[in-house]
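> One-letter residues, chain by chain:
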Amino acid sequence: MGGRFVFEKPDPHNAFITRCMDVAYGDGPLSGIPIGIKDNISTAGIPTTCASKILEGYIPPYDAHVITLLRSAGAAIVGKTNMDEFGMGTTTENSAYGPTQNPADPTRAPGGSSGGSAAAVASGLVRMALGTDTGGSIRCPASFCGIVGLKPTYGRVSRHGLIAYANSFEQIGPLARNVGDCALLYSVIAGYDPKDGTSLDLPPPAPLQAEIQGKRIGVPAEFFGEGVNPEVADVVRSAIDRLADLGAEVVSCTMPSMRYALAAYYVTSMGEAASNLGRYDGVRYGPAPEFFRPWHDAYSRLRKEYFSEEVRRRILLGTFSLSAGYQGKYYAKAQKARSMVRSDFNRLFEEVDIIAGPTMPSVAFRLGKSCDPLSMYLADILTVPANLAGIPAVSVPCGTAGGLPVGLQLMGRHFAEDEILAAALAFEEGSA
Amino acid sequence: MVSKEEVEHIAAIADIGIDDSELELFTSQFNEIIGYFDILDSIEEGLDSTQTRHNVFREDVPLPSLSQEDALLNSTDPEDGFIRAPRVI
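Chain order of the listed sequences is Y and H.
Numbering of the first sequence is given in my numbering, commencing with residue 809 and proceeding in unit increments.
Numbering of the second sequence is given in my numbering, commencing with residue 937 and proceeding in unit increments.
Please note: incorrect hints may appear among the correct ones.
Pair ranges (Cβ atoms, derived) [claimed, not checked]:
hint	chain 1	residue 1	chain 2	residue 2	range
1	H	E968	Y	E1034	14 to 22 Å
2	Y	N1154	H	G1017	45 to 53 Å
3	Y	Q1135	H	A1007	20 to 28 Å
4	H	E968	Y	G1136	18 to 26 Å
Using 27 Å as the maximum straight-line C-alpha spacing, the simulated DSSO-like pairs for lysine-lysine come out as follows [claimed, not checked]:
hint	chain 1	residue 1	chain 2	residue 2
5	Y	K861	Y	K1177
6	Y	K1137	H	K940
7	Y	K1112	Y	K861
8	Y	K1177	Y	K1112
9	Y	K1112	H	K940
In short, the hints are calculated from the structure, not lab data.
From the three backbone atoms N, C-alpha and C, an ideal C-beta is built for every residue, glycine too.
Put together the whole structure using the sequences plus the hints.
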């Protein structure tokens, strides 16, 4: 059947970078549903910038695999959402197209880096959106904006057509106002893609149903450690108590590798970023370099002018940690720490079915109040472990602190998306 | 400690321009962040971090791909099916 979707609603929170005002849609499980796409996912014929000046004017000649799947499912792709440049940030303030506001409180950031996708959903502009999660970039804005966001297992959703920042971590995933819509969008994008060497051929996701009765839920002490806002911790503890009331068995546990997780994540992701972002030299796409200068001089000037300070900082740190003399001290040790995190999760998942804790250590930050880079990086401490291990994790709204949304994070075994979504639905509905 | 000269050297390797006015701030942030990364020093040597990895191979079969025309669509300065770049020497 299909039809046309006219995207008329105003965008007061700057959730979109590019809007498609009149789009055709087809038939299928997402027929006619407006969906926002994070601006680092390639869309044929629609400008895709990663919120960076260095990709201004770039129009991909092909669709990412997830976009092909969405089109086949009948979705109305209504535009590209704002983000931190190349996914580097926790506030969506680091965008060449200006910051996005949090619909729950426009004086606050929506979180990042998929802040535009979260704000588009939370403000009712679209019913669902795609984001990407490298170190928490779906779950953080879902938590801050009071919606649901899922980071699938690494390998479950094709990354073909995702403009890479840190390949070994990032996954495309859904954001929606409720667990049902989040699961619906996930069921469309999950599947094997021979074009992605890390993609796995697995059966399709199971139909969603609320289920928490008899599940063992592990709560690592480290997820309520130093730096976690006490009010946020109380809200999340109450949410975990509610899971127990619904029939889950709550078990205290520990995760010693957490002390290394953030450093391991940043060393590795910055190393991958330094390598991935080497391609931006203005030759094949983006603004042209100065042809009258020698090669390195022309590229250095172009990359200084068109990359933001945060992107340049991460490329420099990544180059440093991979350089001769430091590779063993930083990158190799980070890989060991990554193995420790994976081992910790494997050990815990022998005892429990789901691991629960806060998604973010605080509520949404005030816009314009971002502090030094290291303090911002520290905000990712509770989300990066899932990316290091490649396990699935969902953030589901669980209350408010000081009037602002708080997210409950549920993590599962590899490819156990169905299980954590079932638990999230049980929590959302208050039923077992 | 990383010196300003080292940061300049890394910037040259990475083709990232840095102004003199930025160098001080970048260097101090560099040292603060790398100081945090030093927590990795307390990890024991000898831990195997490669146990879960494996290669994924496929046959080297040509498949349909972008046309030359499509591949050049975003280049600012294509010429006769090629793209121009700054001089190397």
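> Going through the earlier hints one by one, which of them does the structure break, listed in rising order?
As far as the earlier hints go, only 3 is violated by this structure.
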